[in-house]
Amino acid sequence: MALCEECKMREATVLYVEIVDGVKVVRHLCDVCAEKLSLGLPQEKRGGKKSDALFNIKPSSIKGIFQKDYKEKTHLHCKHCGMTWEYFKKTGKFGCAYCYEAFFENLKGYLKKIHGTYEYRGRPYKKSGINVENIIEEKLVLEKELKQAIETEDFERAAKLRDRIKELNEKIAGHSGTN
Amino acid sequence: MPDIQELIEKPPGWLSGEGKYPEMVLSTRVRIARNLKKFPFNVKSKEAEREEILLIVKEALDNIGIVENPYYIRLDQIGKKDRDFLIERHLTTFDMVRDPAGRGIYFSSDETTNVMINEEDHLRISVIMPGFNLKEAFERATLLDEKLGEILEYAFMEPFGYLTSCPTNVGLGIRISVLMHLPGVIINKNLKSLADNLNLVRATIRGLYGEGSEIVGNIFQISSTLTLGISEQELLEKFNEVIDSVIELEKGAREEIYKKMKDLIEDKTYRSLAILQSARLLSFKEAANHFSALRLGLAYGFILDYSVKTLNELLFYSQPVHIQKLIGKDLTPDERDKYRASYVKAKLSSVKN
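Sequences listed follow chains P and A, in order. FYI, in the working numbering the residues of the first sequence are 1 to 179. FYI, in the working numbering the residues of the second sequence are 180 to 532.
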């Protein structure tokens, strides 16, 4: 059992990668110390070796905890699209948005391995209250019907459909922000 | 359906040779990956579903109306040659072209804004600006993304953020990339070391057409890879810093080369110019390497007759499908080399002061 290079008490379970003055420093740490370091909490001692590097990116501007290994449940599958964890591991592509729920337990570790973290830090996503997507879909259906109506020379129906499509267009325009 | 031939007649706006460091940084691109919540990702989507996505996204884009004078092209309604042309134009990808059914692109007439519909993700919003211009590319791409996100329901889930087919994009879904001309790095044999250093700061370097593509004419694509644990602003700042470092590295290499072998480089510039002006057969690769020498010669002030814009256009219009589109017929590789040589020769003599 390798000991954590920081506290020399607990078992080293993560590979901690940090750029110090443009130099990659890899350290074997325990969960506790790695978490502290990634949060920028004060440490008792730091040891960063320096050598020639092409870049001069500011110290600790990039860091992350790269899990060496994580426990994986191999038999998970997504009920929504049928994707299995095993198949995902082969292709690297998920089948649908619900895969992220189905594989939630494995994903935290998996994402830590490739990104160093699994947490989104971007702007919150706000959708407007009304689902314009549905209105668009309805409109597309009506447009098909309109075409048919014109082909079969059912002009009364065509006129009604045209009015309804016009209404929907106004609705869409009202929510797309620029009109 | 617009005529593809219209596109060949005017070069894309992002090749204009404007912006910061236009000779070294050809263009800056911000690409945002998004998916619609209610449809499966495209590895699982059925043709009817893709059809629906295509219609919905196109309708949404028409309504938002911020893509100027848009072109909308369904890849399954044009021929193979036209699809290959759009790859050379950076408007579509090898993946989309491999199976074009139910896939499309929606782009501004100057080709700086493009939305790929049903690539790996349902939407790939992309803005390309000439030179090193991260801020504007980012602002434009974000504006379009926000407008679309208001009327379409994106797949989004805490704590991961925007959900994408490939977990390398999950989170921000944003990838920033720049096309750079790096002859100094190559002459100094620093490519491997640059690639390693970029890797450490979560960036990656590839050939002209991105993933898996070959190195042509010392042109490289450097992209960000980080999408989690970081805000949009931090990503922007960090990547700016990375590209500044690469610019400094290339500048330093060029200074060193100038001191050590000015005569040799000047000689090489003029030899390349002579070949481009006189050759009767030119492969794309050979032409691209000579264009690189001209670019460097231009940066050193050895030659003054040609602008960065001209050199950008020469490089793009020398591509295999572009040459065939310029001539207006299908050509064998040997014929292409012949027409390319005459195109380059004519272009160089027509733009000279």
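For the record, the hints were derived by calculation from the structure and aren't laboratory data. Idealized CB from N, CA, C, for every residue including glycine. Wrong hints could be hidden among the right ones.
Here are the simulated DSS-like pairs of lysine-lysine, each with C-alpha atoms no more than 27 Å apart in a straight line [said to hold, decoys possible]:
1) P:Lys-147 x A:Lys-488
2) P:Lys-93 x A:Lys-223
3) A:Lys-430 x A:Lys-447
4) P:Lys-89 x P:Lys-112
5) A:Lys-217 x P:Lys-79
6) P:Lys-144 x A:Lys-237
7) P:Lys-113 x A:Lys-430
8) A:Lys-216 x P:Lys-90
9) A:Lys-225 x P:Lys-89
10) A:Lys-225 x P:Lys-90
11) A:Lys-225 x P:Lys-79
12) P:Lys-127 x P:Lys-73
13) A:Lys-216 x P:Lys-171
14) A:Lys-371 x A:Lys-439
15) A:Lys-223 x A:Lys-189
16) P:Lys-93 x A:Lys-217
17) P:Lys-79 x A:Lys-216
18) A:Lys-223 x P:Lys-73
19) P:Lys-144 x A:Lys-488
20) A:Lys-526 x P:Lys-113
21) P:Lys-108 x A:Lys-237
22) P:Lys-171 x A:Lys-524
Computed list of chain A residues with no C-beta within reach of chain P, every gap over 10 Å [unchecked claim]:
23) Lys-223
24) Glu-332
25) Ile-365
26) Leu-405
27) Ser-486
Checking each numbered hint in turn, tell me which of them this model violates, lowest number first. When the structure is compared with the hints, numbers 1, 7, 12, 15, 19, 20, 21, 22, 23, 24 and 26 turn out to be violated.
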